[in-house]
Every structure is written in structure tokens, then in C-alpha cells.
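A.B. asks: Here's the letter readout for the chains.
Protein chains: 4
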Amino acid sequence: MSVRDHCGIVGIFNHPEAARLTYFGLHALQHRGQESAGIVTATYDEARDRRVMPTHRDFGLVLDVFSDHDLFRSKLLGEAAIGHTRYSTSGATDNPANIQPFVVHYQEGNLALAHNGNLSNGRSIREDLVAKGTLFNSSSDSELILHLVAQSREQGAIPRIIDALHQCRGAFSLVMLTDDALIAVRDSNGFRPLALGRLEREDGGVAYCVASETCAFDIIGATYVRDVAPGEILVIDREGLDRVERAGDRTAEGFHGVCLPRDHGVNQCVFEYVYFSRPDSKIFGAMVDKVRRKIGKALAHDAPPPVPDEGEKRPIVIAVPDSSNTATLGYVTECRKLGHDVRYEIGLIRNHYVGRTFISPGQDAREMKVRTKFNPVEGLLKDRIVVMVDDSIVRGTTAKQLVKMVRAAGAKEVHFRSAAPPVISPCFYGMDFPTETELLANQYDRDVEKMGAWLGVNSLAYVSVDGMMAAVREASGSDGFCNACFTSNYPVPVERGVEKEENEW
Amino acid sequence: MSVRDHCGIVGIFNHPEAARLTYFGLHALQHRGQESAGIVTATYDEARDRRVMPTHRDFGLVLDVFSDHDLFRSKLLGEAAIGHTRYSTSGATDNPANIQPFVVHYQEGNLALAHNGNLSNGRSIREDLVAKGTLFNSSSDSELILHLVAQSREQGAIPRIIDALHQCRGAFSLVMLTDDALIAVRDSNGFRPLALGRLEREDGGVAYCVASETCAFDIIGATYVRDVAPGEILVIDREGLDRVERAGDRTAEGFHGVCLPRDHGVNQCVFEYVYFSRPDSKIFGAMVDKVRRKIGKALAHDAPPPVPDEGEKRPIVIAVPDSSNTATLGYVTECRKLGHDVRYEIGLIRNHYVGRTFISPGQDAREMKVRTKFNPVEGLLKDRIVVMVDDSIVRGTTAKQLVKMVRAAGAKEVHFRSAAPPVISPCFYGMDFPTETELLANQYDRDVEKMGAWLGVNSLAYVSVDGMMAAVREASGSDGFCNACFTSNYPVPVERGVEKEENEW
Amino acid sequence: MSVRDHCGIVGIFNHPEAARLTYFGLHALQHRGQESAGIVTATYDEARDRRVMPTHRDFGLVLDVFSDHDLFRSKLLGEAAIGHTRYSTSGATDNPANIQPFVVHYQEGNLALAHNGNLSNGRSIREDLVAKGTLFNSSSDSELILHLVAQSREQGAIPRIIDALHQCRGAFSLVMLTDDALIAVRDSNGFRPLALGRLEREDGGVAYCVASETCAFDIIGATYVRDVAPGEILVIDREGLDRVERAGDRTAEGFHGVCLPRDHGVNQCVFEYVYFSRPDSKIFGAMVDKVRRKIGKALAHDAPPPVPDEGEKRPIVIAVPDSSNTATLGYVTECRKLGHDVRYEIGLIRNHYVGRTFISPGQDAREMKVRTKFNPVEGLLKDRIVVMVDDSIVRGTTAKQLVKMVRAAGAKEVHFRSAAPPVISPCFYGMDFPTETELLANQYDRDVEKMGAWLGVNSLAYVSVDGMMAAVREASGSDGFCNACFTSNYPVPVERGVEKEENEW
Amino acid sequence: MSVRDHCGIVGIFNHPEAARLTYFGLHALQHRGQESAGIVTATYDEARDRRVMPTHRDFGLVLDVFSDHDLFRSKLLGEAAIGHTRYSTSGATDNPANIQPFVVHYQEGNLALAHNGNLSNGRSIREDLVAKGTLFNSSSDSELILHLVAQSREQGAIPRIIDALHQCRGAFSLVMLTDDALIAVRDSNGFRPLALGRLEREDGGVAYCVASETCAFDIIGATYVRDVAPGEILVIDREGLDRVERAGDRTAEGFHGVCLPRDHGVNQCVFEYVYFSRPDSKIFGAMVDKVRRKIGKALAHDAPPPVPDEGEKRPIVIAVPDSSNTATLGYVTECRKLGHDVRYEIGLIRNHYVGRTFISPGQDAREMKVRTKFNPVEGLLKDRIVVMVDDSIVRGTTAKQLVKMVRAAGAKEVHFRSAAPPVISPCFYGMDFPTETELLANQYDRDVEKMGAWLGVNSLAYVSVDGMMAAVREASGSDGFCNACFTSNYPVPVERGVEKEENEW
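Residue numbers (our numbering), protein chains in the order written: chain X, 10 to 514; chain P, 10 to 514; chain W, 10 to 514; chain B, 10 to 514.
Hints are computed from structural coordinates only; laboratory data are not their basis. It is possible that part of the hints are untrue.
No copy is singled out in the list; a pair is fine if it fits within one copy or between any two copies.
What the hints assert, rightly or not - Straight-line distance between alpha carbons at most 30 Å, and here's what the computed BS3-like set of lysine-lysine pairs gives:
| # | residue 1 | residue 2 |
| --- | --- | --- |
| 1 | LYS378 | LYS322 |
| 2 | LYS421 | LYS141 |
| 3 | LYS413 | LYS378 |
| 4 | LYS378 | LYS346 |
| 5 | LYS322 | LYS391 |
| 6 | LYS84 | LYS322 |
| 7 | LYS84 | LYS378 |
| 8 | LYS409 | LYS84 |
None of the values given here were measured: they were computed from a predicted structure.
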């Protein structure tokens, strides 16, 4: 599918190799944004006798931005760090000033911020700030938060941050770094995930970390403690660590927190389960892999495979790799339980050497891009009834190419199954969707038959919203989800203008 | 496993977009070499009134080397082209002069060459040439062939090439470009694959192509005709095309060929099936995917899963992605047919953003490299008996890390199954293996129990040589294979020195 | 000498090729700063229906920063532009956020600024702003001015700019760009030069331009109109152009201006004449070349050449190229008029391929740097009495190396003459001088004999402050000069802290 | 003038910092070629137990190619080195294989070569080699020499080199490196300069060096010993050093040499004096500065300044910096001696930040290039009779622009004087001249009046061939010079084809 990832954020506190661990955490979150990467640390500069925040950030993959490993030895020093990988949802993409984390110096000292999300009242905050004579360096929502902190009438970094965040609406999972503390925040809806982890240091000490997804904990050997709660402003500092240590119980939690008011209930993004997050991550209280498997099972009920004619070979079920692999496994298992004689096969091979940024030369660029990424396994598909499962259908352009390729490989019939309901509405809470009219479902008035005809399939079927939500609720044990992209039920009102404006100047 | 890919070669004849198609073909063969890439075309330069061979090649992935798409419009002109992606098996890796295709100018005009393989008599050829006053520009075997052509006493490009190739022993699949023809060659053993394809042009004409693997045909919409035969020197030129056209049957073959003597029979590399080639390619007469599935089935017989105690949950079988996915599917299917109650699961997630060249900063670089590439799916593995299937075990270092990670994710038992027999001998025919003593099997005198202990598994088992060869023979319908890396039966004698010398100066 | 250049600024209004002309102007001012370069234009973006300021800036020479000429055709559009070349006098040098021109968006629209100088009350302005919750993106003085504009209580861009500049003290020559106007400013002391020029367009229209030095006018074919006056805020806009046109006299001046109060009189930097500016520029009302020649003549009176013994060949006078060439010519002419039999010779050859940033490998880096830059002409110097003339002596380290080289080339005696008095005090008005203790004169308590001994010369002599000032006054017809670096008479008080602090964070 | 430099070569033997000294030598010779630079050293690789020749070379200035100073510590090891800076006179300029020094491995071991010149029988040598089956890697003449060495029937590196050089005709100054020796060669005509120097090492040992110009000796503190003689093949090796040491006299020469037959007498390039070489170099037995001064004096006789009308101010004489500075000084001195009341002034300022490769954006590129490089000093030229002296006139295009600029600066009259006779014939011995028809003198049938009219001057005059040659002979004490570019008297016949062919393929 063609939704592009948004952002991944990481923070580490109280570890001598904070930057290097952040680097590995960013690698684990690379799928959440391939446009730029950055790390900021907090340390004390003896030569200049003050607290400083060394920073390194650039356009590119984590691997390329930090290819000079000397950075970790000589520059990104300090025991606290935050990092960011980004695909921006607002803000001009070619402006280096938009690369996060942001770092500023203000009355209370240094402050760094990494943001995943999208403020729904960003426009009015910006207008207020401009009217007060504020200059902007980026077109990003995230800079607004920094100005609110600096202009707050509260005293002290933490009270200012709390004050500032009370003014923000919409989707924001944040890690912030002050000279003394790491602060982790989730908006009161909990749109975007953010988890707290703990890492035993070799010297016996304990470090704390936060990350968008728990796969970032695995890579550095940290253990998952809990999610940062929707609306929580969690302050991880030396004082809190001392309380943990005094308690003599490392699993005790000594950190102060503040809670933002929950105006609209909890509304966690169901699309994180459907596509964004890695299957090996735990978010919103459940392993993504497990949720996807359950959605796959629901799909088997809502959209069973075709029944072959007598004498016909059994249908084969193939996933569009890699994002729909797990849902497909769940689908096949449940289909068989329901009595369908189908078999799981690997029918599309993905070429991982070409990434998101690949542009194909020549006229037929779009088609060649898909062909460069995917290739059918010919012997397997020839003369077979093929059921293709994808995690979702957004524009449908890639799906259409894949169907064409599978047919060209000799498939007798192609049946398409989507492990998410039709996408019908854009997201204003941090995902970069096409505009409403570009969505396949809207181009054909949500008429599945017409959509299938355009895709060139023998049949097209989706999991139902109810089926998907039941699976999500069951796997996560929670009921607080946003599914606006499938239902148009937007939990938080969005300012006019946020929908369309790129705040670039 | 830790065998590094070697080389991929492509050639196109009689197509106005020869270079662009070659570019896509190289993308499909990127898994065969990520160190450098290059394309050479043959065209006529009106301004200078002569035949020329525009060339572009550099270190890096295909995507990066050809990031300037103007190349295809303004430089790499002409209706014939050859391309190469490389991981060198001999020759210094940081010398730009070693990047293929090579292009030279000699008595008969221009000549370009792209080579996959390793001459077993390269040393004596080099010594002879040096004694005659020949200068070398690279340390590559491939340059030797060019000198033999230039110094041949035959007249005409084709007779010289034939003469030169009669002097070469060992592994060589080649595509060569003269001012008038594309020449495709496989050594008489047929060690490395090379296939012939046909491409219908939009204007009604027909183009021919050759490639290491047929996945390169799929990406450009070409159809597989047949393999270049072991020992065949196939000349694809205008004259041959005319014969095809006159025959009025496009499937007719009009090309001249010459056959090199088959001194040692046919010895196709079984490791191409085990690991090198893509599952969606057809090589040596069979789809790789199909062969791997059959080997997986043989593995079920030779190395069944453990039988759980009463009341224990059924074991889960996971693949080390992506190279062992198909074999694992075959293994699970056959296990169930044999009465073992096991289930296929996706238990390791692979991060595709870090490639072969990733180097991790810090002391624990090796471990962190594996952790950055793979992550276990925790909920799935916890308290389960896990059977891990890999395509093969070479040094065993990655396998050991993976086992440690799967255990840390909570697996109760870890059983390792290799879909290839123990690797016991290095390859002198084009694969870059560790030295004999570095191979895991040799470090423990081929004692499987000790090897398993070092890997930290509850059990370790391999497919047998007989089991694997039976599967390969059945799937391919052929009997001519080299399995020296598993058996030490080297079909072609190797000169002393080839084993150890890096010909760098 | 080792004073590093500071900044060059240019602005163009009402020319369809504004950016390209700015580019050439920056080339002419390259000597004023080689660290970074940038251009901003003002134009209307039809697609987005608003005024925008396209910007390109980077570290490096003008040639390298603008090596992609497409910039001028596709990005830097508009009929008004400003440019900047920089060696920063405060602000961290490796922070890209410090590269000028700065561009911001605020209540009144877009605003860009290029600054040459140093605010003497920068510290207290910054403290005030920080207390108001202002965030800083750079450590540069210049950003302060932008915040003052944005936070001004006046209405409209021009009134706000006037308000902001009334709060600034110290040295600032500025070009600013609003969506409608080009604004040129000199502080009331007139420390740094800034001139107004006029350019006849091919289509009959007239463009106006401003630049640090008039050599920037020559390169684009503009003619010098007059200096921007000390304290003048000159607004060049469409309205003013219309007045010019209505007047029917192109030499009429139609532009509005405002004058800042002259608290400390006029204090133009005498060091601009001594070293900074190009000899082919007119600044502060006089050609630099002419002033230098007159200083050279004064030097002949204050520091005549040695009188050779009977029978000795006449002394030869050589310049340290290229900055002291003109003063040396004046010196020789006047010496001869005074009866000294000396001859002007080219005795040192300068290698222009190594620039300011050249760092020599190895232990003896400093010596090798000088040897790479300068080489004596051996045949010429051998056995001769040599008088070396340099524009000034700051640390003396380069002078010492040169003396050593000239002696090694066979000179019998080396007499050093400085066309500026001893430098004894740092500059706080925009020049980057060594600290007070590093200055040669201060290391030897201004004892010229000891200084000469350290340099290794037979005699050392300087032009007197009176001699230099008389020459400057005569040539320029003006009396308002700052010579604090030679006299410690600072015309404007400097805040504690400005002297030492690098405002980096 | 618009002749582009060709090549500079350096070699060092018996110094522990051979590569670093070569690096500085190349800096001094940067004016002889700015297209590429390279260094090769000879050393023993313990790990591989053999002699090796580490190499670093790339396109760009010496400064940029060797910006990584680690090269000198970790790669370019050994006590012998050669280096090359290049502007090629034949060979494709964008082919990296053409960057010198060349290094090859052949029967006798390693061999490196750096070449300044142009073989006049290069075409027939190449044809012979091609017929023998030789492959070419570059289109450079220099590679021919390497093949001749490798294919020689002699035994031993030195005899092979001698044999090879006997087959070469035309211009070649060479430094070569074998595993044991540094070899310096000048063709028998001595077209290009090459000098031998001696360097006292800090540890008491003695190193020897060779270089195109002696300014390369000055930078490293070496002393000039003598020129390599025309036709000399000088072998600098350990054996020779031992002889020097045994002699107990460091100025003794212990090196073996061989002399090539002098078929055409000695023909040293007079243009090296006129323009190519640096004034601080000694070549062909004389300081360049001294020769130029003498030519300037001859110019005063052949082409005196105009006599001003009564009451008119005296004419001022300005040089086109920097190449004609010395000749202009000589001209002014002699003019005054001859009774002309003229004065030397600095009337054109050169901007050294833009180098040879500067390309100006826009339509008026050529004019803007000149304006970016040169600017007149306005106050000085206004209303004056100006005599401009340039070292030579080739196409005349730059001269024409300069005249226009000087006029625009207010000069009343402009008189142009060339310190070389009219250039009428191309060079086939190593200089890159325009074609015959592009030369200004040939466009107007050598009619000086018409040439002056085209240039836009009040008068144009040249030094005569006789005047120039007398000056050269007197200053150098030699009579063996080639002045074919001024006289068409080619001392060595040139093969058809060498004139026009670019040997690119």
C-alpha cells in the first residue's frame, strides 16, 4: 500500500553510551521514516563550563547519516540522548531546518524535542505566536511547542513544558531533553504509540528508555516496562532514579508525571496495527504480530477464499510481502479451520535493495518501480487460483500492478483480499495519506465490484470494520481506538486549513 | 549464512533502450553482488565516425551508480549493452580498475566483457602473459581473457574469442560485446548459470537477452528461451537475427554457436539452488523455489522436528528470513505429512534497511550487526519449542547469535535444521567462502553434537548429501552438479596458488 | 598579516537577473569572507499565491556554493536579491544555521538580512530577548536584529525595522529584503563601508544596487552613486523608483531614508584602507589604491630605507604580495623623491592555488603553509640589501617565516617596513583580530627593537599613527575614522563579555 | 593569454617522508596542471612479503586530491616517490584511467611513470603495439612507453627502459620509479625542463629529487644541482648513493646515466620562459624572472611606448597580472633608460579565487569570466595614456576584454605590448595551443594593424623574434631553443595525425 511512514522517536536516560544506543534504536524504527535522522545528547562541556546539547542530523537513512562512527566517541557525548527518524506529515521536505530533533537555547537552558504526530490546532497556535512577534525557523508543528515553552509564564523547564502542552491539541508523542531530564509525552488521545523501557547497565546501574515501538528496546537489550499512558507527561530524571534506587526494587517506578485532560477519550491509531508498526513490536498493549494474525482470521470470516470447481486444484494464498505476511498466515489458518482447502505459498519475491526513494528512469516509471520491487514466482502461480492478501488498499495503484504481474505469471484466477476495510478518509493525526479523492474506494463510490474491476481481479473483498475492530479489541484488551480513516469518525476536531496547507514559506 | 554473493551479468541485443533494460536487469541481480555495478553499450559515434563503447561503472549499488538518469538519454546509447554487478572472488576490492564490465580497444575494434566465475588456470595464464611483456591493469581473472583475445593469432573478433576461451579452465559465465555482436559463454562444466531470453519490442522487432538468472528477464518483460549450454559460445548478431526473421518463426534459433570441449562433464553449482539464486529464478532447468521446497522436504526426512512431551504445545517452525523461507515451507508441509504436529510461523523479523556493508560502531559490533538485522517476535516464541531452519551453515557465527536471541525471547527449546549438508570445503569455482579452517564443520571435526553445543541448540541436524542431491536431481531433471563444498569432490583440478593468492599488487 | 576577513554584502533591486548579478557581486567580495556564501531573492510564487524568498546558501567559496547554475534559472527568481560572503566575527563557525543571509517569516511577511559588523550591545539585547521567551536558532548577532523587528510594536515592515535598529549599537552595515523593498543601512559611526550604485538595464529600465565595496559594481557594470551615509536607513522600493522616473533624471534620488542618531560621531574603519578592501574599490569616499599609495609615501618619511655603504649595490624594495603592492609602489616613489637610491622588485612569488583554509600535513605545518604560499626569487635577492614592505604586522608569525626565507635566498640584509602602525588592541567592531596578548607589539611591550630581533631583521620600522592618519585624511577628504586597533581609542563603549564570549551553545 | 598549462612532475629518492615532500613539490608545480594530481611511492609490504607501489590520484587540485592527510601516514609509505599534476595535451580528459602517475606490474616487478610532453611518433608506436595484441587502458602517450618497456627483449628494468626510450621521438621529460630506483629522463631535444636537486635529511643522510621546475626544490628545502641533460637517462639508486657517500663529497655525482642520440640538436621550449614556468624557477640554466626581465627590456627597444603630446601626463604602464609582471618591470626600466617618461602602475587587480575551471552562468559567459578575474583600478586609469603589457597574445580574446575594461575605466588611450612575438603555429611538443586558424595572428594574416583594430587599441606592438631570442640566449647562456610557435620552424618532424587526433575511444 502507498501510505508513507511518519516518524520514529527514541530517548535514553542515564547510560554512558546514550547516543550509540539511540542510534541502534533508530535503526529499529527506520521503517517509520526514511527521509532524515538525528540524535541530540545532553552533556556538560568542561572547556566552556556549561551544559550543552551536541547534535548531529541530516537527510538520509540512519546508516548514512551516522556513517562516521567517530561521532559517538568524540561528539555525541553525555548520558542522555533523544533521536528521531522522519517522514514529515507537514513541513517542507527539502528544508534542512525541518530535520528533527530540534534543539534550542532559552531562559531555562537547552531544550531538545523529537515529535511524532500532527497538532490539530497548529494553525491557530502559529497565528498567535506570529502576532506576538515570534520568528519561525521551520514550517514544522514541532517548533510551535518549543516557542510555547519559551514564552510560557511558568518558571522552570518542567512547569513551562506542562503549560505548553496544555495548549496543544491533536496527535503528539514526544521525547524531550532538558539539561537534567528526559521527558516522554503522549497526547491525551494516545494517537501515536510510545513505550517505556528499562536497561540494566553492565556496571550495575539502570538506564531508562522510551521509543515509538518496542522493537527499539529489543535491539539494545532493554525490557518493556509499560506504555506511556495517553495524556501522560513523564519526567525521567536523577531524582526519580534515586527514588527507584532507594526503593530497592528496580521495577518500582519513581518518576513524576502529570496528566493532560482527556477531552476526547482514548483514540489509539488502528492503522499502526494494520500497517505502520513492525510485527515484532508491542504497542497499545499488544504484539502487532498477534493483532495482525487475528485480523487475518477475521478476514477469513468476512472474505473467504473462492470455492474451486470440482477437480480444480486447491487455491493458493499469497501475501504481498512483507507487511501482510502475518495477516496472511492467520487468514490461511482460519480458512482451513473453516473448511476451505487452501495452501499458504510464497508467490511474490520482494527485492529489498530498492527503497522508498527509488525512482525509475523512463516513461513507464510507475510500472517499473513495482516490477523492480516485486516479482512473481512463476512455476508456483501457473494455472492456479490465487488469493492475494494485502494489509490494506489505499490508492490501489500498486495492487493493480501486482495483479497484472500475477496474471502474467499464469495465474488462472486472482482474488484479492484486504486485511483492512476500505480506506475512505484522510488522516489528520500524523499519517500521510493521499487526498480523499485519490483513495480507490472514493473513486468508485465504495462500490467493491467496480473497485475489483479496476484492479483486474476475479473477486475483491475486505475485512469488515466490525471484524477488524473486534480482532483489535480482543488482542489488545482495549477499546480506545481511532479508525477515522475507515469510518470518517474523527475523534478530535481539526482546524480548517490543517487539511490542506503545507506550511512552507 | 555468511557466503557472500559473487556476480551477476546481463546482456541485451537489438533494443533501442538496451542500457535502460540492462539497468533493470542489474537491479534484479543485485543480490549477486553489491560492491560495484557497470554498463557498457555499443554504438556508432557520428561526430567521430567510429564505433564506440560508452561506459559507466562505479562502486556501489545499482541504484546509486546509475542515480543520474541522464546517462540513459545522453551517454549509454546504442542497441546492445552488457552489465555487471559484482562481488569479486579474486582481485583487490578497492581498486576501481577491477570494476566490470571491462572495455578495451584492440586490433579488431572495441571489446567489452562481464564475467561471473573464477579461472582455475588463471595463475599460469597470467605468468605466460607477463613473460610476453603484457601489462595488467587489474588483478582480475577477467582481464586475462581480454589479453588472450588481443594476442590471439586468429583473425576476426569471434575466432579470437573462441581461441582465447579454449585456453581457459574453471568457472566462467561471460557476456561479451564486440562492435557487432553480443556473445554469451558458459564454461564446459556449466558451473555458473546463464540463460537466453527473447523480448518482443513495441515496434514489432525482437530483441535477445542473456542473464545469470531469469528474474532479470521478468523485470523487463522478456521470456525465457533456454539456458546457454555448458561449453557453448553463443554469438548473437544481426546475421542470426536475420535468419530468425527469414524463418518466419520467432522461436526458431538462428544464432551460431561453438562448443568448448567438455573435459570434466557437466558440473553445475548446487549452492546456486541452496542459497545464491533468487527463488523466482529458473536456473539449470528448474525454478529455484521448487528445488528449495524439495530440499526442505528431504530435510523433513533426514532431520525431523523433536517430538514434544505429552501435554506440551506443538513445536513451531521458523525460517531465517528470507533465504530459507521456501525450504522451511517445504519442511513444514512434509513434516505434517509424516505425522509431526508442527506449525509454520514468522518468528524472526528482518530489517532490510541495513545491507551487507553495514558496520556497527562499538566493541560488540558483530552481535549488534545481527541484532540490527534480525529481531525475534517475542509473544510467539515464549515458552515454545522452536525449530529454526536455515538454508545452510558456513561459519555458524550468525546462527549462534540468532539462537541466543530466540532463547532470550523466551523459547523453551531451540532446534536448528540446515537445508544443506555441512559445508566442509572451500569453493574455487566462483564463490567466496571462508577458508577451510574457518568452516564450523571443520572446527569440530564434523561432530554434529559438538557443533550444536557451540551453537547453543537443543538439537542440530542437516539434510544429507544424498537427500539434497536426490531433491535437486528430481526437481531439475539433471544429474550434472558440483557439490564440492559439501563433499570435497572437486571436478576440475585447481592450480596451486589459486586457493590462497589475492592477486593484488 | 593574519587578520582574517569578515563579511561582504550585496543587494540588487529591480533587475530580472537579480540573483545572477548578486552572484557576480559576491565573487568580487570573496576576499571579505571565504567561509560561506548565500543569496536570497524576493519573488511571487504563483502556484502558492504568495510572496516567497527562495534561498541558497552553504559553506564554501562563492564558486562552489553556486556551482549548479540551474539555481539561477529555476530557483533564485525575482527582481530583488541580497547576498553575503562571510567570515564570522562571532557565532560558531561550524553551525549551518549561522550562514547568511538569514530569512524569516513574521507578521508582516518575509524578511531577509545580510550583516557585516558586530553589535556592541549584542549581549544585553540577547538577554532581554531570552527573558521574553525568544528562541535562538543561531549564535549570531544578526539574528538579534530580526527578533527586534518581529517583536517591535510598530506596524509595517519599515517602521519596525527603524524601531529595531534604534536599539542596536556598534558596527552594522546591512542589506535587508522585505517583500517590497531593499533596505541598506550603515550604523551611525559608519564603521563598515556600504555604497549605492545604479545599473542601466538593457531594456531601458534602471536597477539599484548596494555593496560593501565598489569592485562589486564594476563586475556587473553598475556605476557608483554615493556611499550610504553613516546612520542612514535607505529604503529602495518601487515608489522611490517611480519618483526617479517622474523626475526624468536618472541621477535624481527618489528614495526615502531615515537617519539614526549619531551618538559618537563618524568612525570609519581605517583598517579597511590598510588591508581589508580591494585596491580597486572606492570606500569612504576614496579609492583604496590611492590611500595605500599615500600611506606608502608617509612610510617613506617615517621609515626610510637603510643607506648602503659606499660601493654597495642599491637596496631593493619588495612587497609581500598582493596586499602591500600598492603601498610599496608609493614607498619606492617617495623614497626616490627623498633621494634614496632604491629599486622596486618582485622578490616574492605567491602561489594562489592554496587559500585561507589550507592546512599543511605534518609537524612543521605552519612553516610549510608559508612556504607553500610564498617563494623568494633567488637570483634577485642574492647578496642584496632587501627592504620588505608589508601592509601591517599583527602576530608577526608569517612575517618571521618570510624573513627567514628571504635570508635563505641569499639576502645580505633584511629591513622590514610596515605600512601600518603597530597593532596594539583588538577590534570590537567587526574585525577578527587575535587577542590582545597575541599581538606582536604587546609581546615585546611595543619595543620595536625587540620586535625586530624576534622577526630576525636588520631593522624594523613602522609608519606613524599621525603619518598614516594624515595620508588617510588627505586622500579621503574626511576626518571621521576609527583607529582603535592602533591607538586603543574606542569610539563606542563595548559591553563586558563581547570581548571574550563566543556565543556558541 | 589562453594557452593552458601542461604537466608538472616530481620525484624523490631516499627520504623517509618521500610522499609528503612530493606533495609539497606538486603544490609548487600546480600552475603546470590543475586537472588532476597523483603520487606513487615504492615500498616493501611486510604482510604480503613483496615490493608494492601504493598510489593515490584523482581529478582536482593537489590540495583537494590529498585533503586526507592520513594518506601520508598510512598509505603512501616508502622512501621513494613520484608525483604528477596534469593538464593533458592528448588523451581524453574525463577518463580516470588517464590520471598519472601510471603504475603497472610486469615481469621485472612494479613500474611507475609520470610524463610531461608529447610523443611525435605516438601514433605509429600505438599501431605497432595494437598489431602485437596489446590492450590499452588509456588514450595517453605515456602508456605507450610502459608497453614498450614490458615488451622489450632486454633483461632487467633499466635496460628495458633504455631500450623503450630509444624508440620514442618528440617531447618527454619523465620520472619513473622501479622497485629500486628513481629514473629521470629528458628527450634529446630537451623540450621540457627537468632539474636535479639534493636534500640534506635531518638525520644526516642525503636525498635526491627531480622536478620540472626548481620552485619545487625551494618549497622542500632542496638545493639545485643541475639540469637533467637533454637526452639523459639518469638512474638514481642505492648503488649511486653509496658511491656519493664513499666519495666523501656530497656534491660528487655517483649516478649512472645513459644518453639518447641527439638527432635534432637541443631544442628547449622558449615558451617555458615566456609564460609557463614560474618566475622563481630556474630552468634551462637561468632564472625565469631574469629572462623575462630581459625580454621586457628587448620589448622596450622593439615596441616603445607612445610619446605623449606636450602637456599631456606621462603614460602609465600596467601589467596583466601576474604572468607579465616581471617583463613589465623590465620594460619600464628600459623605457626610462631610453628616455621615455613612463611610470609602472598596478592598474588591473586579479581575483585569485576563481581558477581555470571557472565557468560563468548566463549568456555573456566569456565576458563575465574575464570581469570576474580582472578589474581595473579606476582612479588610476582615468584620462591617462595606458600601456598594457602582456606576456603574449594567442587568441586575443582575453586581451580584447581587458582593453574594453580599461577603456571603460576612463583610459584616454590604450597601447598594447606583447612580450612575445605573434604566435603563429601550434605546438606538437607538449603545449596545448588553439588550432592554427584560431590564433589571432593568423586570423588577420599577421597584419599587426588589423590585429590592433580588432583588439580595440590605439597601438599594438610585439617584441621581435630576434629581440626575444637574443634576450633568452644572453640570460641562459645557451643557444638550443625551440621557437616553432613563433616561427613555424619545427625541429622534429611530426607524424600525420598527431596534430588532430584525440586518441579517445
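A.B. asks: For LYS84 and LYS322, with the copy left unspecified, which applies at a CA distance of at most 30 Å: within, between, both, or neither?
C.D. replies: Close neither inside one copy (63 Å) nor across copies (51 Å); limit 30 Å.
A.B. asks: Is the C-alpha distance from LYS84 to LYS378 at most 30 Å within one copy, between copies, in both cases, or in neither?
C.D. replies: between (39 Å within a copy, 22 Å between copies)
A.B. asks: When no copy is named, should LYS409 and LYS84 be tagged within, between, both, or neither for a Cα gap of at most 30 Å?
C.D. replies: For LYS409 and LYS84, the Cα distance exceeds 30 Å both inside one copy (48 Å) and across copies (34 Å).
A.B. asks: With identical chains treated as interchangeable, where does the CA-CA distance between LYS413 and LYS378 reach 30 Å or less: within a copy, between copies, both, or neither?
C.D. replies: Answer is within; shortest intra-copy Cα gap is 14 Å, inter-copy 38 Å.
A.B. asks: Please work out whether the CA atoms of LYS378 and LYS322 approach to 30 Å or closer within one copy, between two copies, in both situations, or in neither?
C.D. replies: Neither: 32 Å inside a copy, 44 Å across copies.
A.B. asks: Within, between, both or neither: how does the pair LYS378, LYS346 come out at a Cα-Cα threshold of 30 Å?
C.D. replies: Neither: 37 Å inside a chain and 40 Å across chains, both beyond 30 Å.
A.B. asks: Pop the pair LYS322 and LYS391 into one bin, within, between, both or neither, using alpha-carbon distances up to 30 Å.
C.D. replies: within (11 Å within a copy, 37 Å between copies)
A.B. asks: Using 30 Å as the alpha carbon limit, work out where LYS421 and LYS141 are close: within a copy, between copies, both or neither.
C.D. replies: For LYS421 and LYS141, the Cα distance exceeds 30 Å both inside one copy (66 Å) and across copies (61 Å).
The structure fails to meet hints 1, 2, 4, 6 and 8 from the earlier list, while all remaining hints are met.
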